[in-house]
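Chemist: In the numbering used here, the protein residues as written are 248 to 660.
Worth double-checking, as some hints may not be accurate.
[Unchecked claim] Taking lysine-lysine pairs in the DSS-like style, the calculated list, with each CA pair at most 25 Å apart, reads:
(1) 607 / 618
(2) 568 / 410
(3) 410 / 618
(4) 453 / 422
(5) 607 / 422
(6) 643 / 622
(7) 422 / 449
(8) 643 / 348
(9) 410 / 622
[Unchecked claim] Label-pair distances were calculated between CB atoms; the ranges are:
(10) 296 / 618: 43 to 53 Å
(11) 284 / 419: 29 to 39 Å
(12) 431 / 573: 29 to 39 Å
(13) 641 / 281: 36 to 46 Å
(14) 289 / 496: 30 to 40 Å
(15) 539 / 320: 10 to 20 Å
(16) 641 / 595: 22 to 32 Å
(17) 351 / 393: 15 to 25 Å
(18) 351 / 295: 36 to 46 Å
FYI, nobody ran anything at the bench for these hints, they're computed from the structure. Quick caveat: nothing in here was measured; it's all calculated off a predicted structure. Glycine included, every Cβ here is placed at the ideal spot set by N, Cα and C.
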Amino acid sequence: MPQPQRLHLHVPEPTGRPGHDTNFSYLPLSAAGAKRRPPVDVAAAQTNDLAFALIRVLDDQGQALGPWAPQISSGLLRRGLRSMMLTRAFDVRMQIAQRQKKMSFYMQCLGEEAIACAHALALSEGDMCFPTYRQQGLLLTREDNNMVDMICQLYSNARDPMKGRQLPVMYSSKKQGFFSISGNLATQVIQAVGWAMASAIKGDNKVASSWIGDGATAEADFHTGLTFAHVYRAPVILNVVNNQWAISTFQAIAGGEGTTFAARGVGSGIASLRVDGNDFLAVYAASQWALERARSNFGPSLIEWVTYRAGPHSTSDDPSKYRPANDVARFPLGDPIARLRQHLTMLGVWSDSEHEATQKEVEAEVSAAQKEAEKYGTLADAHTPGIASMFEDVYKDMPAHLKRQQQELGAGS
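Please put together the full structure from these sequences, using the hints given.
Modeler: Pasting the structure below:
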């Protein structure tokens, strides 16, 4: 009896050869200002070419070029630069706090700050973000950001808004349009699409914005979300942050070696863009375009933000074990903070002295928030919510047997 033939699987592996293992080099980089900007009411199929390009606004000299260059005030640009600087300063100090055992875990967004910070400035009040664990910039960009609460959540202390029930960095803030982060990959996509469908049914003009990493696009929930978003024309933006690496695998493992992640939207009949995620102006412009499209009932958009995870995946990770030593040097898009700083300097609305002063200001702001949060304890000194609190926020009316158990634990805690 003939033996069945074995299926041979090709699993792509990074080799460190320039151009072989990078999605940003499998297609040539587009020149700044070279890509067209279609009207927001265009049919999804008429954006297909933009899923295989790279929308850029800032050139190497810091000039804003082309049809995607947004009409944005210098004041808003200055706020955007400060927000990115604040986010990076927050990350630096929280990384140190984790090493001091004040929290169990932390995740930076080093090198990716423009994506969340520019997107946050484009959103309107009432829009809802369904983020992953690298969009702290969405919260820190808001004028009403509560950094003390964020740090208390990281410390799992007595003032932790999540009462110790979430892993550090998994923030939640309904008031600020920041849906609870889930540790399960891709769940936020279907949640965002469902929220957007409900928004449309109610007849309001609010938009959902979901976030997912390149690796999580391999999850079934992502593809289910695309189908529902397309079929129901949900007012949602599906953000795919392609930072080149998952915790230990290159983005090619998730299918990024043969095409773009934006192309997955094309296959689902969704308007799709591929954008330089380290170009603050391009991020703001693409976000505005997708938000206006969704708000005007022209349907969903998928945006692939091409960026680079400059730091480890988390404080538990050592990227030197799996990334080529010259990996950062081969990434061509540059630091988003440096690029926007160059643009503002060229406009004459920013200077080296102001940059230094702002850097000191944001570091002092983070330091003050950290000191305030530490009044409520850290993980190191065990000022955590009492164990009896695990019964709260589950039932509207707590059953009698749980009340008894809670009282027993409360008495013993």
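Chemist: Decide, hint by hint, whether the structure agrees.
Modeler: To see whether the hints hold, each was checked on the structure:
no.: 1; hint: 607 / 618; verdict: 16 Å, holds
no.: 2; hint: 568 / 410; verdict: 35 Å, violated
no.: 3; hint: 410 / 618; verdict: 20 Å, holds
no.: 4; hint: 453 / 422; verdict: 14 Å, holds
no.: 5; hint: 607 / 422; verdict: 29 Å, violated
no.: 6; hint: 643 / 622; verdict: 31 Å, violated
no.: 7; hint: 422 / 449; verdict: 19 Å, holds
no.: 8; hint: 643 / 348; verdict: 36 Å, violated
no.: 9; hint: 410 / 622; verdict: 16 Å, holds
no.: 10; hint: 296 / 618: 43 to 53 Å; verdict: 52 Å, holds
no.: 11; hint: 284 / 419: 29 to 39 Å; verdict: 35 Å, holds
no.: 12; hint: 431 / 573: 29 to 39 Å; verdict: 34 Å, holds
no.: 13; hint: 641 / 281: 36 to 46 Å; verdict: 54 Å, violated
no.: 14; hint: 289 / 496: 30 to 40 Å; verdict: 36 Å, holds
no.: 15; hint: 539 / 320: 10 to 20 Å; verdict: 18 Å, holds
no.: 16; hint: 641 / 595: 22 to 32 Å; verdict: 57 Å, violated
no.: 17; hint: 351 / 393: 15 to 25 Å; verdict: 21 Å, holds
no.: 18; hint: 351 / 295: 36 to 46 Å; verdict: 45 Å, holds
In the structure shown, a violation is registered for the earlier hints numbered 2, 5, 6, 8, 13 and 16, in ascending order.
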